[in-house]
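This is what each chain is made of:
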Amino acid sequence: MPQICSRPILKQETTSSRMIFTLGVGGCVAAVLIVLAFKLTLARIEEQQKAYLEQCVYLVLPGTVAMQPYEVMTDGNLVKSDGKAKGKQYVYAGYDKENALTGVAINSSGQGFQESINVLYGYSIENQCIVGMQVLASKETPGLGDKIYKDDDFKANFNDLDVSYDAEKAQIINPIKVVKKGEKKNKWEIDAITGATISSKAIGKILRDSSTQMAPVILSRENLQRLKERQ
Amino acid sequence: MDRPSNAENFYKGLWRENPVFVQVLGMCPTLAVSNSVINVVAMGLATTFVLIMSSALISSLRKFIPKEVRMAAFLLIIATFVTVAEYILQAISLKVHKDLGAFIALIVVNCIILGRAEAYASKNPVKDSTIDAVGMGLGFTFALFCLGAVREVLGNGTFAGYVVFGPSFEPWVIMVLPGGGFFTLGAWLLFFNWLRNRRRQGV
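Sequence order for the protein chains is A and B.
In this text, residue positions in the first sequence follow the working numbering: the first is 27, and each later residue adds one.
In this text, residue positions in the second sequence follow the working numbering: the first is -9, and each later residue adds one.
These are computed hints drawn from the structure, not numbers from a lab.
Accuracy of the hints is not assured; some may be wrong.
[Stated by the list, open to error] Here's a subset of chain B near chain A, in silico, CB distances under 10 Å, partners left out:
1) Ala46
2) Ser50
3) Ile67
4) Ala69
5) Thr70
6) Leu84
7) Gly91
8) Leu96
9) Val98
10) Val99
11) Thr148
Backbone N, C-alpha and C define an ideal beta-carbon position, used for all residues, glycine too.
Let the sequences and hints guide you as you build the complete structure.
Right, here's the structure in full:
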C-alpha cells in the first residue's frame, strides 16, 4: 500500500496569555539583574568619575599645578571645600607655580543629540574667556557626534572663546554662537562640525548657559578675593 | 548524526566557523573598534561574556520560550547582559569605556550573538551551547586581535600602548581610520581563506 505522507498533527498554537506571561516574567527578571548591576558598580564608577574630573582640571586650565575645589552655595558665595560631598555644585580654582590664580574650571551638562553630555571647561578671569574644554561623558554618534571630543579643529574653538560679562547690564556681552564650519569670524563663535550640527550646538548651549550663570558668581568681588587668596 | 565532541564544538568557533573570517558576522564592531589592542581585547571579552551568558540562559530556557516570541525573548536576555557588561566595564576602566563609546551598547545587535542564539543555543543543551559560545566568543576576540594588532602597530607605532618603533617612525595614519580597517580586514580574509583552501586540498 503506498505510503501517504500526511502532515503531522499540528501542536496547539501558543496562547497569547502564555506569550505575555513569558515576556512579562523575563522583563521582571531582567529589571532585577540590571538594577543589581547598577547598584553594585555605582560607588566605584562615581569614584572614578571624580578622579577623572580632577585630572581634567589640569587640562582645561593651562599652566595649573594645583587646584582647590569650591562649593557654590545657594546665596552665590564660594566656599572652600574638599569637593567630596555628593549632590553639591563645585567649581575648581587652578593655581600656577607662583600660586597665582590661572582660572576656574566649571562642570556642566546638557542634552546632546543622543543623551546628556557632561563637560568641564576652564574659565580665565583676566581675559573673561574659556581657555579649554573637556568632554567628560557623552554618548554621541560614533564617527559624527563623537567628533566633539575627537576633532582637533572643533577642540581648537575652545582655546580662546570670549564670554565677557557686563556687570552693569548683568549679562554676557556676546552670548556664544555656533556657526557653520569655516564661518567663524568673532571670538565668541564656535565653528560647528560638518554632519554633527546638533552635537555642536549642544556644546554651544551648555557653555552659553553655564557661563551666563557662573560669570556673575565668579566675578563678584567677595568671591574673586576668596579665589585669588585661596580662602 | 554524530554529536561533535566538546573539543570539536569549541575549536570550530576559533577556526572552521570563525565568526569574522568565515561567517563574516559582527563586521560593524570589527571595523570600528579594532584600531587599538586594548580596545579590541575589551570589546572581545565584553562580547564573549554576553555571548556565554545569553547562550547559557537561552539554552536552559529553550523549552519554556514559546517560538512565536523567541526573538523578543532572546533580545530581552541579550540586552540585559549587555547592560550589565557595560556597568562592569565602566567600573573597571572609565577610559576604555569612553573609548569604546556607543559600541558596547551596540553589542545587542551584534549578529554573532543573536545568530548563535537562534542557530544553536535554542536547539541544544546548556553544556554544548556554552562550549559553542566560548569558542565563538574567543574566535571573535582572536579575529579582532589580528586586526587590532596590525592597525595599532602600523597606524600608531605602539602595541597595547607600548612604543614599538623608534621616535623617527612615521605612523601610517590611515590604519587607524575606517579605510585602514577595511584594508586590514580584506588582507586577513584573503590570507585566512587561502590557508583554508590549502588545508582542504590536503597540502
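Hints that the structure is at odds with (numbers, increasing)
1, 2, 9, 10 and 11
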